[in-house]
Amino acid sequence: MNERRTAWFLVAALAGQLLMLSIQAPAAEDGGGSNFLESSMLRGVAPLTRGVSSLMESVRGFGDDWKGREEMAAENQALRQRVEEMELEVMRLSELETEVERLAEAMDYSRASGRGLRVADVVYADHSSWFRTLLLYVGERPASLNQPVISDDGLVGRVVEVVPHYAKVQLITDRAAAVGAMIRRTRRQGVVRSGPRGLELAFLPQQADVRVGDRVVTSGIDGIYPRGLPVGIVTSVERGQELFYDITLEPAVDFGVLDQLYLLEDTTPGPAGGGGGDAPPADGSGDGARNGAAGGAADSAAGSAGGDSADGSADSAADSSGARP
Amino acid sequence: MPVIPLLRFAAALLTVILLHALGVWLVPEFARSIDLFLVLTVIYALGGDTMVGLLVGLVAGLTNDVLTGSLFALHGFVDTLVGYGMARLAQRLVIDRVSGAFLVTGVASALQQVLLAGLVLLLLPQPELPEPVWIAIRAAGTGMAAAAVLLASRNLRTNLAERRQRKAQRLHLD
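Protein chains in written order, with the working numbering: chain S, -15 to 309; chain X, 31 to 204.
Since the hints were derived computationally from the structure, they do not count as laboratory data.
Treat the hints with caution; some may be incorrect.
To be verified - Derived list of chain X stretches under chain S, where covered just means 3 residues or more per stretch with a C-beta under 8 Å from a C-beta of chain S:
(1) 43 to 54
(2) 107 to 116
(3) 147 to 156
Don't be surprised by glycine CBs; every beta carbon is placed ideally from N, CA and C.
Put together the whole structure using the sequences plus the hints.
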């Protein structure tokens, strides 16, 4: 009798979970359907992972502190000097910005979007296992669903689950993720997704001009990620069986070393996280003036990936076409 | 509902979460190689109580789901089945040796991954499946972790019993 009751309980538990899974499955491409049980459990588990992360950070910090006080002092000195230089640069750029704004105003030119950055700490990152996950501590102000997440090097993913202080991120390397992207050199658009060979750029017709080493950035057509965020570099181009190329990418971001990320915030009025506006520029230098304060801040975050200045400057010009009059 | 076993389970689950988070922090491949949530499920299931096996599997699996990026309840579903199955197995088979625990947990881990792959194939349009070599590594890693936990708990129990016995003898002499 007891075993029979257990068997019924088993059936009920399995049926309940299967129902939950089948409800989420169709929404998986959109980041999955969040539910109360998951949110509640995430609320309990996330602080524990943050505790471990903080503990390990402080242990590491203590070790580093113990080992290299002198090194750190020298580094601190150098950094102070760098900050001073950068402050001067910021002053120069803000002057330029004011000038550009004045000119834009005179020409009745309006910016497509404003984007700000918010720092978030990675409290749990499992990028290697079958199911990849990233948990962020976002602080008092909650993140919003579908909010893009970037690192210093480029695009990381988007927020798919939000609880107070924490956010769960779907990485672009997740099989359910898809990113509207384009070849930066030619502006040819495709979709970046994760495949058996790693990150792939799909739906690029065989007539397209694409080469190994081409940089791939977001195109902004998906309505989630703004245009111009570095996604990866083309590592192989093969003729596919259908009309399209088989293109593999090396991600711009090293997912193994993420510890601090940035939530890309829409500073223009309207719903957060959505819209296909312009990204903070991917180009390394000289864009601060053009993109204003938000763009300038993002320059330092997402800019370092766009190293090739020659093609970068050409693309900068093309990028600016996104800001419509 | 017995309070002490419940508290003991909560403490064990908390330890598993902390160890898992620590493992992932220290070794990036940790979650790929060892499933501590399954170790907890199998160790409880080896007690032979099917209700305990499935409940522990359910809770441990759902907790694992919170820490994974895929569908919620995927691990919950599979670990519930595995917990129940292992408890049924333990009713028919006495698993006393550490090597037995290693084998059973290893098989449970392989079974869990195959079931997960099946579910993912059914539910997602473009699923990613684990490589066979990683299935084997994870099965071996999880099996070893279960064997280590069993060995440690047995040693601890023996030590405690000996200490208690020594204490009792001393009292007797006084």
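Outcome of the hint check:
{"no.": "1", "hint": "43 to 54", "result": "holds (count 6)"}
{"no.": "2", "hint": "107 to 116", "result": "holds (count 4)"}
{"no.": "3", "hint": "147 to 156", "result": "holds (count 5)"}
Of the numbered hints stated above, none is contradicted by the structure.
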